[in-house]
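**Q** Spelled out from the first residue to the last, the chains are:
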Amino acid sequence: MRPLALIAIVSAVCAACAADPVAPEAVPARSSFDPGLIAKGAQLAAIGNCQVCHTAEGGRSFAGGRPIETPYGAFYAPNITPDSETGIGRWSEVAFARALREGVDREGRNLYPAFPYEYYTRLADEDIRALYAYVATREPVRAPNRPHELRAPFNSRSLIGPWKALYFERGAFQPDPARNAQWNRGAYLVNGLGHCGACHTPRNALGGEKKDERFGGGVAEGWHGPALDARSPAPLPWTAEQLYKYLRTGLDDVHAIAAGPMEPVVRNLARAPEEDVRAMAAYLEALAGPPSAERRKKADAALSQAKGASRANGRGAEIYAGTCAACHDRGREAGSGGALPLTLGTAMTIPTSSNLLRITLEGIAPPEGEPGRSMPGFADALTDGQVKDLAAYVRSEFGRAAAWTDVDEELKKIREERR
Amino acid sequence: MNPRSARGMNRRRFIARSGALVVSFSLLPRLAGAQAGKLPGSLSKEPMLDAWIRVGADGRITVFTGKAELGQGIKTALIQVAAEELVVEPSRIELVTADTSRTPDEQYTSGSQSMQESGTAILHAAAQTRAALAELAAKRLGVPLDKLTIRDEAVNGVPYAELVAGQTLHVRAQPQSPLRDPMTRTVMGKPLARVDIPAKLTGQAIYVQDLRLPGMVHARVLRPPSYGARLKALDSAAAAAMPGVLKVVRDGAFVALVAEREYQAVTAARALATAAQWDEQAKLPDSKEIYALLPKLPSQNTVIHENGKSATGAGIIEAEYRRPYQMHASIGPSCAVALYRDEALTVWTHGQGVYPLREAIAEMTGMPKERVRCVHMEGSGCYGHNGADDAAADAALVARALPGRPVRVQWMREDEHGWEPYGPAMLSKARGRVSADGTVEDFQYELWSNSHSTRPGPAGALAAAWQLEKPFAPPPPRPIPQPTGGGDRNAIPLYRFANSRVVHHFIPEMPLRVSALRGLGAYMNIFSIESFMDELAAAARADPVEFRLRHLQDPRAQAVVRTAAERFGWQAWKKQPGRGRGFGFARYKNLAAYTAVACEVEVERDSGRVRVGRVVAANDSGDIVNPDGIVNQIEGGIVQSTSWTLHEAVAFDRTRITSRDWGGYPILRFPDLPESVEVHLVNRPGQPFLGTGEAAQGPTAGALGNAIADATGVRLRELPITAARVRQALGA
Amino acid sequence: MISLDVNGKTQELDADPATPLLYALRDHLQLNGAKFGCGLGQCGACTVLVDGRAVFSCVTPISTLAGRRITTLEGLGTPEKPGRVQRAFIAEQAAQCGYCIPGMIMQAQALLERTPHPTSAEIRKHMSGNLCRCGTHMRILRAVERAAREP
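From first to last, the protein sequence lines stand for chains H, A and B.
The first sequence begins at 51 in the numbering used here and counts up by one.
The second sequence begins at 159 in the numbering used here and counts up by one.
The third sequence begins at 5 in the numbering used here and counts up by one.
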């Protein structure tokens with residue numbers, strides 16, 4: 051049966067899917083929380099990346115207002131500072147826990163799954179408690195929430211109930227006794243607080259996870275989140291040590307640096323406990339499994355191409371030679387003017403051109419005020435025609451795969467966004 | 159909002175409009191007869207008037223200075239000084255700056271001494287030149303002096319040029335000069351537009367980076383990856399065969415590649431670098447342990463100040479302050495052009511001291527000094543001893559290998575970041591106590607620092623010289639004595655305390671290459687002392703501004719403190735959560751300009767980010783020549799110091815410097831700017847000029863540190879006060 | 005030979021097509037406005053306009069510039085007749101060493117062509133890719149605001 055028809059039926063069945071409101075209750079004063087609990091909450095919030103979605107560019111922390119672009123329109127993350135009028139200053143811990151576990155706000159309305167409660171539902175009770183201690187003790191900011199700008203029919207909350215019925219599995223994480231403690235911790239964090247699947251798992255047209263394709267690759271704010279399992283398109287397979295370095299610093303020696311939505315993720319993970327990030331890395335390595343013989347062969351080919359310098363001819367090659375080669379042919383070891391040989395970059399091997407185009411046009415900048423590697427953007431230096439020629443060239447030369455079919459469309463999207 | 163409130167003085171203008179250049183000699187002081195005494199400013203080193211001022215037969219007036227334009231506006235200010243005393247339009251003056259063939263030797267343009275040294279010399283030389291012209295006119299016309307009038311560069315109708323008539327005024331200066339009454343000034347004290355700005359903003363060839371000579375070639379030097387790295391192997395054949403490459407120059411481990419076109423040099427140099435194999439020897443300290451290391455290194459310990467008796471006992475407050483290695487990070491990497499022809503060498507350089515540089519290059523090349531000429535051309539702001547002298551040395555060596563061809567050496571960004579001498583890491587400790595009456599009873603301060611000057615001087619100061627077949631070793635560093643000081647600059651507070659003691663621990667061993675960075679030790683010492691003053695004020699339960707006034711006797715110091723506080727609205731300021739205000743004051747070197755800074759900040763707890771709001775400063779630089787020039791320097795110093803204080807630290811691992819580009823050494827960008835910066839000037843006409851260029855950095859750091867403490871209730875003492883440090887200090 | 009349209013004039017260059025525009029401008033055409041600051045696209049001292057958009061000339065090869073309109077500092081005005089933005093910077097005395105200022109002027113020109121009356125926040129954001137080491141930022145902002153006020 052087609053999804054929309056199913057929705058219509060289920061919607062008719064559970065007309066009043068909203069829950070009861072939780073009575074408003076002023077959040078407790080800071081002095082009533084154990085400082086250790088607040089500190090733990092801070093670390094968990096770093097893994098959960100709360101601050102990134104709930105803070106507008108140049109805005110006050112957690113005060114909301116940041117647009118999150120989705121295929122359904124733009125969501126504006128709400129103010130979760132403990133301001134009593136415009137924030138969550140009157141949410142008790144019960145209301146807070148319900149939002150994370152059930153996806154329901156204090157007044158009983160369903161929350162859009164843009165708030166990733168389908169992952170947060172897996173949180174353990176004591177972690178929710180710590181997160182509440184942290185959120186409740188942030189600086190209150192008066193900032194009214196901005197209404198979402200969603201396309202019909204998604205602008206109606208009444209669809210959320212049926213959506214939940216179809217796609218939302220409530221419940222805390224259950225450890226696997228056959229696995230060790232580190233794996234379980236990693237699994238708990240990756241599948242729960244870290245909500246990695248939100249960007250790295252494919253979804254259907256209604257935004258439900260394709261459960262049998264978990265971690266098979268997804269989309270976030272125009273970027274492709276590559277597959278993290280055995281289908282990983284990374285030219286070199288990731289070891290746990292490399293994943294740990296990448297998640298902590300945004301940089302590993304033989305993989306590309308964190309870009310797009312991963313930039314704030316790794317910045318926050320730098321503040322998370324080391325053993326937690328190691329656990330996530332261990333889990334992700336296990337998720338991908340040992341590389342197959344074919345994958346190892348491809349990896350060797352990519353490494354040896356990184357050392358070579360043979361080039362095809364053509365317009366794209368000429369653009370590459372003048373615009374990119376000066377840095378990318380030298381390799382990172384060459385110092386600040388050297389960059390990853392493109393044969394090692396995942397942006398070239400994923401099914402879509404979106405990441406490569408975004409990186410090329412926007413560049414990569416270290417977080418404000420912090421040291422890091424950077425790449426200039428070429429949005430104004432290159433014409434659309436030049437970008438397309440370049441994309442085709444790097445895809446074939448370094449991605450060693452069939453041409454992308456979405457370059458025109460993705461490029462148009464990016465240019466629109468920049469207008 | 160116009161922040162430039164140059165407090166103008168009351169000008170009695172008995173001079174008509176076109177007669178801005180009309181001065182009657184009856185109203186001027188007389189030049190006394192032969193006098194005894196020290197000659198003012200740099201006249202003491204170069205006493206002949208015509209070394210400074212020449213009036214040509216064609217009417218052109220040339221003024222010579224041994225100082226250099228670094229972007230601080232000195233050219234304009236010196237022209238104003240000369241124009242005032244010579245009674246000519248500023249546009250009539252051509253100013254020649256630092257050139258070993260043409261100008262007096264004023265050593266370095268550094269330490270904010272250009273006005274004090276060169277400005278004073280030119281002020282007096284111009285006045286005495288004017289007086290000499292008057293004497294010549296009196297004699298020629300048979301008219302008494304008090305019947306003479308200057309109008310339009312002529313004395314009673316006889317043009318200056320005619321009076322001079324081919325002879326130069328080759329006379330010795332006198333200690334006293336018939337200086338014009340400051341109340342009658344029409345040029346000095348005015349915000350004359352900078353003479354160099356229009357050309358720079360319309361693309362004229364002003365900078366040494368723009369210099370092009372016929373037949374010029376481009377060179378790049380192969381730099382080691384770390385200090386002391388040995389060149390194990392280098393097969394330069396492939397690079398030498400690349401398009402446009404003319405030569406690979408080698409002298410020991412000094413290797414340079416020369417090509418026709420600049421980009422050819424760049425690409426071939428990259429190939430050369432790939433072909434080089436180095437044996438890296440450097441053992442850099444653990445950057446996280448540098449402050450534990452400094453007090454352990456051997457040091458020369460000097461009590462530079464002591465009064466009364468320091469005591470022990472209850473109520474002592476102690477604090478330790480830290481400052482990392484910081485960079486000049488000039489926006490334009492260093493550059494030089496050199497030409498070796500007919501056994502003579504000319505080097506065009508943006509180094510701060512052309513005479514000392516010439517000595518160093520002469521020593522390095524084994525040439526007689528007289529055959530080496532160093533000419534200053536502007537570079538980007540250097541803020542002290544950066545890579546400029548080294549680029550000059552590079553160019554000199556390569557030029558010697560290609561006689562007859564001008565050679566241009568342009569340092570790359572990684573070269574400048576990696577090889578410039580940094581401002582040294584410093585540690586300071588303060589101890590003090592306030593007495594029951596709310597004054598400081600005891601103040602003890604000690605600091606640990608490397609040398610803040612390894613300038614040429616000797617050839618061993620030049621990085622290229624370390625690589626030669628017959629290398630030159632850097633000479634053992636020596637501290638700069640008080641009252642100027644190096645690491646101990648401004649370590650002695652201007653405040654009067656009942657008992658005080660200041661100790662300087664000078665550390666000769668330099669794990670990283672270091673030298674003079676704007677302000678030298680003053681930046682860190684003022685940050686420390688001003689932070690500590692607030693801590694003492696808190697112990698005395700006193701307002702920080704009022705507390706400082708309690709300990710200042712100097713009325714000029716009190717004036718800037720009061721002005722800054724008033725203009726900031728210190729009394730009326732209302733505290734809000736997350737916001738704070740802070741104050742900082744110092745007299746640079748206790749000898750130069752007085753500056754007080756008040757600021758407010760807002761600290762974001764979760765990100766640790768410090769947003770700077772209003773910054774209000776007051777400055778007394780003595781007799782103001784160009785008020786806008788002073789405001790520009792103070793504004794700039796405030797913004798630069800904000801960058802140092804909140805953002806900057808050189809990063810290094812156990813072998814290499816890892817801050818090799820802007821990504822690796824972030825500095826303040828437009829979004830980090832204060833909301834506003836206001837500068838208020840206190841003018842002291844007739845008083846000596848006081849150096850301004852380094853006056854704002856220390857007080858700004860103090861003000862920021864104090865404001866952050868006020869905003870958060872937590873005292874941060876390690877620079878830079880980054881968002882990460884603030885976050886850590888505040889906790890979750 | 006590569007043909008470039010620089011400030012409305014066609015220039016023929018005998019240069020490797022991979023040559024970044026910065027070197028072509030300075031070394032081949034003796035145009036001093038664009039400056040070498042880093043060669044890495046990090047500081048903006050080399051900023052020029054291509055088809056009216058601000059671009060870092062140190063990372064833009066001349067091979068990509070055929071048929072495109074390049075504008076440098078020299079194209080905005082001359083020492084005798086400086087352009088609007090140049091006049092504003094001179095009037096505000098918005099320079100200390102002045103090395104970064106040509107890049108700032110070009111960046112400001114690009115902004116004002118698209119946004120004739122930018123807010124203070126917009127100016128700060130737009131200029132953030134250009135570095136100034138002397139601390140002249142406040143004057144630079146005032147100069148841009150002043151240029152925006154001029155017709």
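FYI, nobody ran anything at the bench for these hints, they're computed from the structure.
Warning: the hint list may mix true and false statements.
Lysine-lysine pairs mimicking DSBU-like chemistry, simulated, CA-CA at most 35 Å apart [stated by the list, open to error]: (1) A:Lys-297 x A:Lys-405; (2) H:Lys-357 x A:Lys-203; (3) B:Lys-129 x H:Lys-438; (4) H:Lys-295 x A:Lys-441; (5) A:Lys-587 x A:Lys-733.
**Q** Hint by hint, note whether the structure agrees.
**A** Status of each hint after checking the structure:
1. A hinted pair counts as satisfied when its Cα atoms are at most 35 Å apart, and Lys-297 of chain A with Lys-405 of chain A does not qualify at roughly 64 Å.
2. With a CA separation close to 61 Å, the supplied pair Lys-357 of chain H and Lys-203 of chain A exceeds the 35 Å bound.
3. Taken as a hint, the Lys-129 of chain B and Lys-438 of chain H pair is honoured in the structure, with Cα atoms around 29 Å apart against an allowance of 35 Å.
4. Restraint check: the Cα-Cα separation between Lys-295 of chain H and Lys-441 of chain A comes to about 25 Å, which is no more than 35 Å; the hinted pair holds.
5. A threshold of 35 Å between alpha carbons decides the hint, and for Lys-587 of chain A with Lys-733 of chain A the separation of about 30 Å falls inside it, so the pair holds.
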